Amino acid sequence: MKKSLPGLAIFLTFAIICSYIESLIPIPFGVPGMKLGLTNVVIVLMLYMFGPFEAFIVSMLRVLLIGFMFGNLYSIAYSLAGGLLSFICMYLIKRFGKFRMITVSVVGGFTHNLGQLLVAMFFFDTPYLIYYLPVLLITGVVTGAIIGIIAQAVYSRVEKFANSIDEKNQTDNIKQSENVKQTDSKADNTDINQS
Amino acid sequence: MSKWLKKRDIILIAVLLLVGIITLIIWAFIYSDKGKSVTIEQRGEIIGTYSLDKDETINIEYKGKTVNKIIIEDGYCYMQEAECPDHLCIKQGKINKKGQTIVCMPNRVVVSVTDDDESGYDSIAS
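Those protein sequences? They're chains P and C, same order as listed.
Counted from 1, the first sequence has number 59 at position 59 by the numbering used here; the numbering is strictly sequential.
Counted from 1, the second sequence has number 107 at position 107 by the numbering used here; the numbering is strictly sequential.
Note that these hints are calculated values from the structure, not bench results.
None of these values were measured; they are calculated from a predicted model.
Every residue, glycine too, gets a C-beta built ideally from N, C-alpha and C.
Some hints could be false.
Only some residues are given here: those of chain C computed to face chain P with a beta carbon under 8 Å [said to hold, decoys possible]:
| id | residue |
| --- | --- |
| 1 | Trp4 |
| 2 | Thr23 |
| 3 | Gly99 |
| 4 | Val110 |
Build out the structure end to end from the sequences listed, making use of the hints.
Here you go:
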């Protein structure tokens, strides 16, 4: 599924749908910045199915699109900060290679809430917001675990399908490159003949 | 199970959770003193400081409209009404400990409990 534009578009749509569903779920606790982070399912899946570059592009695009549709300039700033920090940390943890998807997602949830809070403190210009740090850190771990379980469940079902598409693409690519090589060598021959 | 989590995964998750719980405990110690007054900020500017001992209703206005209604009652402070979509600030409940905060993100109103003395910016209060 690597580097296919329709694939990326479909995943971006998934991300936006997830965040719409999330906006329909009321939050029972009065903690600013607290949410389930359902959209992160898509980002975690993309890290595994596409790679860091594609996941990053979709992550940033969904923050902007969702921000313009449901939020305001400030909510874009918070989400962008949280999204960037959590993406970098998830990528590093994944690249380290020794941790499972759930852990990657937990780290993402933890750092997302941390980044969001720091930027909110900067924008509000008040240190008082730090009061919510412990609650946000714990909820980040818990929601991250839930998101990780969902992502892992989806991934183990989609994995085979994705791999089969990848293999098909690879064989196609190999065939194409072989064709190119053949035509190249023919061209070389004609060049030599001409000279 | 090993497909989902390995030992080192559980350790890392436990460490992160522990960091959260430790900060929670530290915070519980930091925010245990009762405060004397509340300071209200709107868009980075301090609107006023109000004593917690005196019952009062403070209306926060923006562009001629009342956006937030803050009530001080029986030594506690809480947000009663807010002109915002999510009403998170109302759900944040009553506060009276030093450092506790109510935030209204959309209206950029911050209410925090402090030890400061009351100051006169009573033009907005009603």
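Hints, verified against the model:
At about 6 Å, the closest approach between the beta carbon of Trp4/C and any beta carbon in chain P falls short of 8 Å, and the interface hint on this residue holds. For Thr23/C, the interface hint holds, the least distance from its beta-carbon to any beta-carbon of chain P being 4 Å, beneath 8 Å. Among the interface hints, the one on Gly99/C holds; its C-beta lies about 6 Å from the nearest C-beta in chain P, closer than the 8 Å criterion. For Val110/C, the shortest C-beta to C-beta distance to chain P is roughly 5 Å, which falls under 8 Å, so the interface hint holds.
Violation of the numbered hints given earlier is absent; every hint is satisfied by the structure.
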